[in-house]
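Trainee: Letter by letter, the chains look like this.
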Amino acid sequence: MSHPPTPPAQAGPPSDRARIGIVTFPGSLDDRDAARAVRLGGAEPVPLWHDDAMLRSVDAVFLPGGFSYGDYLRCGAIARFSEVMGLVREAADRGMPVIGVCNGFQVLCESHLLPGALVRNAHLRYRNRPARLRVETDKTAWTAAYGAGAEVVFPAKHGEGRFVADEATLDRIEAGGQVVFRYLDNPNGAMRDIAGVSNEAGNVVGLMPHPEHAVEALTGPSTDGLGVVASVLSYLRQGAAR
Amino acid sequence: MTAQLNVVVDTVGVAEATPDEKQPWAELGLKEDEYDRIRELLGRRPTQSELAMYSIMWSEHCSYKSSRVHLRQFSQKNPKTPRLLAGIGENAGVIAIDENIAVTFKVESHNHPSYVEPKQGAATGVGGIIRDIIAMGARPIAVMDSLRFGDIDHPDTARVLPGVVDGVGHYGNCVGLPNIGGETVFDPCYQGNPLVNALSVGVMPRSRLQSMEASGVGNVVILLGAKTGRDGIGGVSVLASATFSEDGDEDSRPSVQVGDPFEEKLLIECCLELFDSGLVVGVQDLGGAGLTCALSETAAAGDGGMHVDLELVPLRAAGMEPHDILASESQERMLLIVDPANVENVLARAHRWGLLATAIGTVTDTGRLVVDYHGQSVVDVPPASLADEGPVYERPIAEPNDLALIAVDRAETLSRPSTDAEIRQTVLDMAASPNLCDKTWVTEQYDSSVFGNTVLGAPHDAGVVRLDERTGVGIAISLDGNGRFARLDPYTGAQLSLAEAYRNVATTGATPIAVTDCLNFGSPEDPNVMWQFERAVTGIADGCQQLGIPVTGGNVSFYNQTGREAIHPTPVIGVLGVIEDVNRRVPLGLGSTGDTIALIGETREELSGSEWAWVTHRHLGGVPPKVDLGHEMKLAELLGRLAEHEQLAAAHDLSEGGLAQALVEGIMHSGLGAQILLPEGADPFTYLFSESTGRVLVVIPRGQELAVRGACEQRGLPITPLGVTDASTDGLHLRDHFDIPRVELEAAWKGGIGAAVGA
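Sequence lines, in order, name chains A and B. Terminal number for the first sequence in my numbering: 242, no gaps in between. Terminal number for the second sequence in my numbering: 759, no gaps in between.
Quick caveat, the hints were computed from the structure, so don't treat them as lab data. Accuracy of the hints is not assured; some may be wrong.
Have a look at the derived ranges for each label pair, beta carbon to beta carbon [said to hold, decoys possible]: (1) G751(B) / F81(A): 42 to 48 angstroms; (2) D156(B) / G176(A): 49 to 55 angstroms; (3) L73(A) / R68(B): 43 to 49 angstroms; (4) L184(A) / D581(B): 31 to 37 angstroms; (5) G594(B) / E83(A): 45 to 51 angstroms; (6) L184(A) / T471(B): 34 to 40 angstroms; (7) G751(B) / G176(A): 36 to 42 angstroms; (8) P679(B) / G42(A): 49 to 55 angstroms; (9) L73(A) / T366(B): 46 to 52 angstroms; (10) R94(A) / N100(B): 40 to 46 angstroms; (11) E99(B) / L124(A): 46 to 52 angstroms.
Just so you know, these numbers come straight off a predicted model, no measurement behind them. Every residue gets a Cβ at the ideal spot worked out from N, C-alpha and C, and that includes glycine.
Full structure from sequences and hints, please.
Mentor: Shown next, in the form of structure tokens:
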């Protein structure tokens, strides 16, 4: 599966399934997994290339994990300047659902679409463990299908996933319902056990653990990750109904 | 640039004009007769660049000059199989899975660099084996690592181990490959010579198999990937073929290469795109010996000639001389042979991936590899003389004098625990010992799930990866070695490692089909080491012949010794199996409550070379357990059949630590307890700690007991019911003997490695 330089011509009748764009930066690694999760969740994965200034009529965007641009300088710091991120930022401001997982979360923080920052794990090592999380809010585009307070298990695997922000920001996002996922066993020293946050509007969500790696009982610790795709589909349907 | 032009270059013309100039052949590791042969081959003295190239290509590492005569056994004894699409001599063996898909896999060592600079040494070991997989046309889909260190509480282990694990993890995680298993072993013999063996496996449509031939006169030679720098210059000949001296390793320090997994990720994607588009005639990775090796091998394999303009190679350091450029081991580079009509397209696609690609030469039919530097020839040699016609040694072989003494020093005569309390304590001591304790501290530093196809990873008996989501077809791989058994008897020891890897693959439900090996030994100049090597190779070749699975490739690492002290002979064997439907894989664990626990295979009093003898007595002597490959084949066939019929809830191979350790691991990897009743008349100690081979602990779902028993009897395989799994049992209950609650087992088994290396 290579990444086409130009979008292929649409063949056949247009699909009525939601189109979720998955951005591939140089160094993106979990893009195939994200595509599989989107497909298993009932939507259509649409590959987006970092250097193409086009969103190909997608309804939502998934920024996958990996080490974009080698994570040189700082995780996600270079990706924010890519052609596609300019468009993602504009679309997010207009309300398009955007999710960033792991490196994608770092990119969203670097792009100032999400508050806070992600720094080196407190224990200074890369760590790969299934993470138990509490879904703190169902008021976002990507968690609507979970009940608030639901517990889920997603794999967490990163070296730089410790969420930090200044106290005022932490208080603000807590009060504003922007803490979306919280660790039950904090694996990285994240402040206030925060695993994922949203923007104020709730259409942009970022989290360190990988819902796209929890979509099949055969390969993941759970299938809880399918709820993320189910959430955005129901969010998009409601949007269409509005 | 101008500075370089001012350097006086030793050209072919200069060499002809100054035949008597003294050359540093000895310093470069060449023997006098080897130097004389080079002069004879060329009809003149070699240029500086040529001398560097011959010294590297004729080093032990590249030429296999000491091992070649023995390795021939693999091709001579390999069973014929239509599955083998490419074998020994290629970058990696290629095995057909079905009519459409093939896989390629190989294990390789990076021992010496990992001692000098643990993180980068290990990282570039992983990077190097991944490029071998790409060069065959495959997408790398997983890695594994087999690691051996000195004593866990030695201060230098606290330097080497965290660095090596960081390096393996860093490279694999950043390049985006799941690590699906391996081993971490401690023994004082590896104190000054840690072993870092990395395996990679890739998958491809059969039609995408690539060639390393530089064929088609006029085709263009393109260097793809990183710029060429000073890293690793002389790394192969200086590092890999030099025994570490007791004092001062400082000189070797700058020679270890530095890896960039991000660049390698781009190389993977770019190369696969080029292969899929049919834009590449030939491809070779740049690994040990850099351009020297890639140019001479592709030229020798193809139409026999090549012309290269060396000043076109993009450099990352100033002032590099031609021989530096030719010898550099800068990582993340590939050599492509491309039709002139496709060059522009190839360069454009490389650019899109942000990769440097530069045409540096052309394929010719002159039969010579000619390298020009700013218009002057610095190399003009027959490429095969570098690549294929290096020296071959029949090194002296001598059986070690202490062999008979070791054989009679049997562990079976050591004092043993006799009371229940002592045996109970031994179970805990063993579970806490470095080789048997929980390895999560290592494995959780590795990404195991990227690509979403990892069905089983560490700590299961074998890594299992799905190849096709629609059909469910997959592969299983296990990587195993046992230096202690091989020290006692290298022939049997090598076969025991082969048998274990084979059994591990079968335990997950897969059918073993191919072998790769990494042969880690001391100095080939020591006749005792050569004897060990010859015995081990013969053991593997005979074993594979009997099992009916071919050796598809691998790697030899000699000179693993400090001073006069060689490591245990350590053949590490990778076995690959195919599983029709990964949904039917058999995991480690205890199944569900009420399932039957049984042991397949026979338990004899075999304690020599065992983990028990080492942990409790620091003893190594006697003869290793008996190996019966005919039994292993029956067992593997049975396990495959039981998995296919979903008659196993879990299974676990018995190896180091015997039955006791298998039970401990089963309990630790499930939420259940085990109620065990040893067979009547069995000596509890022997039954729990013997390392008799050919045994598997199985967990049989309720209602399947009779069917499983019948299947065993039909094949003449002994099966012994041992008990049941039980949610209400706390830990291990050994009826009439003792109980060990889960919390106590856990306290012994967990946390040891991190605590020992101070992290």
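Trainee: Just pull the numbers of the violated hints for me, sorted ascending.
Mentor: Violated hint: only 5; rest satisfied.
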